[in-house]
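Just so you know, the sequences run in chain order A and B. So in the numbering used here, spot 101 of the first sequence is number 101, and the numbers just go up one at a time. So in the numbering used here, spot 4 of the second sequence is number 4, and the numbers just go up one at a time.
Don't read these hints as lab results, they were simulated from the structure. Backbone N, C-alpha and C fix where the C-beta goes; we use that ideal spot for every residue, glycine too. Treat each hint with caution, since some may be false.
Label pairs and their calculated CB-CB ranges [claimed, not checked]:
| no. | chain 1 | residue 1 | chain 2 | residue 2 | range |
| --- | --- | --- | --- | --- | --- |
| 1 | A | R260 | B | H135 | 58 to 64 Å |
| 2 | A | G263 | B | G58 | 54 to 60 Å |
| 3 | B | D57 | A | A222 | 31 to 37 Å |
| 4 | B | G58 | A | G89 | 50 to 56 Å |
| 5 | A | Q41 | B | D120 | 30 to 36 Å |
| 6 | A | K22 | B | M33 | 33 to 39 Å |
| 7 | B | H19 | A | A190 | 53 to 59 Å |
| 8 | A | S152 | B | D121 | 15 to 21 Å |
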Amino acid sequence: MANLKDLKNRIASVKNTRKITKAMQMVAAAKLRRAQEAAEQSRPYTERFNAVMAQLAASVGGSDSAPRLLSGTGSDQTHLLVVITAERGLCGGFNANIAKLARTHAQRLKAEGKTVKILTIGKKGRDALKREYGDLFVGHVDLTEIKRIAYSDAQGIARDIIGRFDAGEFDVATLFYSKFVNVVTQEPTAHQIIPAAYEAGEGDDAKADTGAVYDYEPSEEAILADLLPRGVATQIFSALLENGASEQGARMSAMDNATRNAGEMIDKLTIEYNRSRQAVITNELIEIISGAEAL
Amino acid sequence: MADTMQFDLVSPERRLASHKVVSVKIPGAEGDMTVMEGHTPTITTLRPGVLKVDGPDGTAEYVVSGGFAEINASGVSVLAEKAIPVGEMTREDLDQMIEDARTAHETARETFKNEPGPVDDAAKVLADMVAVGDHIRLSSGAPLPG
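Extracted from the complex, chain B is given alone in its bound form (with noise of 0.2 Å):
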């Protein structure tokens, strides 16, 4: 059996998963990365996507936004402001999820004019929003819309 890790997922809510596990996806706001026993010790933060967990009991993917990672020799945690199962994901959250980063990104656009920055970030976030959607829509087999 390969080496295990102790994996955390907390939300200001609740603790969503506390075990060992073999490798975890984590969707870093530099792009992803696949964490594994031994991995240098990191701090990243995370932008909206899919956390992808591999335990020796199965795999279990959570939609996760805003918060960060922290990478250590005792393991993995995932601090996540929003983390969702995604067999719990429903429509009404994802459009939820996706209506308040549109806010975001409307109010980022008129608060900051003249500054591209924080109207780039907040389209960005918006678009990762968006792409979890499809994500997990095709994932999940749920049925498309329209």
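Isolated chain A, as found in the complex (with noise of 0.2 Å):
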């Protein structure tokens, strides 16, 4: 039986690390709300722009003339992988099921005997491939010194993302990041940005029914080669505040889960604590009495 003074730095220990995880789910349910909103401030302008893109990609995609980003390379020989993960751990599985995610798609990928290049967003999604998947790296961001997310953040990744493009690095680009679905469920998520794949009438009612004709101004193809970059801006704008969302999320049901336990294990340890010390006093009486009885 392990002695009193161990137990009692034992429970100590467990206590202090209560109180850790205990901090770490509050501080991470004031930034969930925080990203939270963050995400849904977003989302008017992502489903406008997704729903007017649909509608441009449907009326000038099958011409020829349509721009790369839409229409793409004519080939998809090699594919960028663009794994944007969180910058810190202690948030369950997170970083582990995208990074799984892109696992699996990059192992397809290659057994189809195509080229596969990966961009990493946030250090634990570069920490989890690397080892496996070093090789291909092509390069990585950094957000660690970024506190809220800011358009021009995605922008900046945007346009190293169509520079690549354009400099006929790849052919296919897909963002593998975490969608928020509610605190405790957060869904990896693989999504094709280039060529954009725009859905028509995903989930907006109204503009369907207009059926408008609309004036363009410039024309069509101009506005769509104008609108398609920030388009790639705006996928990983919402990638990024979804991914920073459900990091939170994660986090804080990790952190919830591990106080549980914590609080679990002292109960368990302080019974124990609780019945050394009583097998002590006990074992004293004994002697003493037993002594006494020697008399």
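Bring the two chains, given one by one in their own frames, into a single complex with the hints.
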């Protein structure tokens, strides 16, 4: 049986751990609220943007003159996987799940004989994929310093990706991030951004019904060419926000679990401590009594 | 009272306005246009400029840059990558925007040495940006530099 002092120390240390996880949980809850708000704020923009893009893409997409960001390069030999993860750990399976999805994707593409390149956003994803796919990395975006993701951050990343696309470094780009479903559920998602896949009428009611014929100023093609790069930035921005909210949600539930586990452990240890204390007392009594009887 | 229509101004980071207005002056890529109730459905891209909204409760002005405006039977939606109410616009914001435009111009000049198209576009954005600065400094009565 462990001695009393050890048990006492153990209990004190678990109590400290519980304090920390509890604090992290509360911080995550506060951050989650902010992240959710940010995601909510960006939603009207993203939805309308996508609706208009779907409309434009539908009317121009078929023609040969469609921009390459929309129609693709005509090949799908080289794939760029953009893996968005968190900068920090201690958020349950959050980072691992995204990395796993990216890994299965990469394996499948490799099995099909395609070339795979990986761009990581967030330190944890890079760490998770480095051992297996380190040689495929083409870049990394560090967001450690950024407290609140701004649209300009997404623009920077989009510029980088489009630059690579224009330089012919890849044919297809796919984003990997975690979609925020609710606090306990985050869904790792793969989303193709280049060539852009805009689906018409995705959850958008009124726009499809109006069926209005628009005047375009300048021409449809020019507008599309102007908006497509912005579309990439918009997709990345919304993925970053979703991911941010998911991260905080995952951390919150992970820390909630940890706090609960620590509580259970403390209870168990306390019972053990009390029992051994009682055993020691009983032992001493027996010794005294049997000593007295011997006289 | 004049007819009103729904007006929405959204940027990726927040929704700036959503209410009924009488008219909206949009800095379109091919020139300014004023939109009132019953305008032909139109989609236009924006150039950096000042968006002026005339509503039943007075006027409001926003500095917008990058994005597009969609006009249809239900109203006007402006989706701008950057949108700042003129009143909240600070020197730093403006300098930042001009600086960004300048960098973009430089990059364009280097990457597209033999194609005048993108370079001219970037130059135009830069010029528009500077013009915005002049415009709002005049209209807001802020002291001119120097």
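The hints, checked one at a time:
At about 59 Å, the beta-carbon gap between R260 of chain A and H135 of chain B stays in the expected band of 58 to 64 Å. Separation of G263 of chain A from G58 of chain B is about 58 Å and conforms to the stated range, judged on CB atoms against 54 to 60 Å. Judged by the Cβ atoms, the range 31 to 37 Å given for D57 of chain B and A222 of chain A holds: they are separated by roughly 36 Å. For the pair G58 of chain B and G89 of chain A, the beta carbons lie near 51 Å from each other, so the given range of 50 to 56 Å is met.
Taking 30 to 36 Å as the suggested C-beta distance range, the pair Q41 of chain A and D120 of chain B conforms, at roughly 35 Å. Separation of K22 of chain A from M33 of chain B is about 57 Å and departs from the stated range, judged on CB atoms against 33 to 39 Å. A hinted range of 53 to 59 Å for the beta carbons of H19 of chain B and A190 of chain A is inconsistent with their spacing of about 39 Å. Evaluation of the 15 to 21 Å hint for S152 of chain A and D121 of chain B yields a pass: the beta carbon distance comes to about 20 Å.
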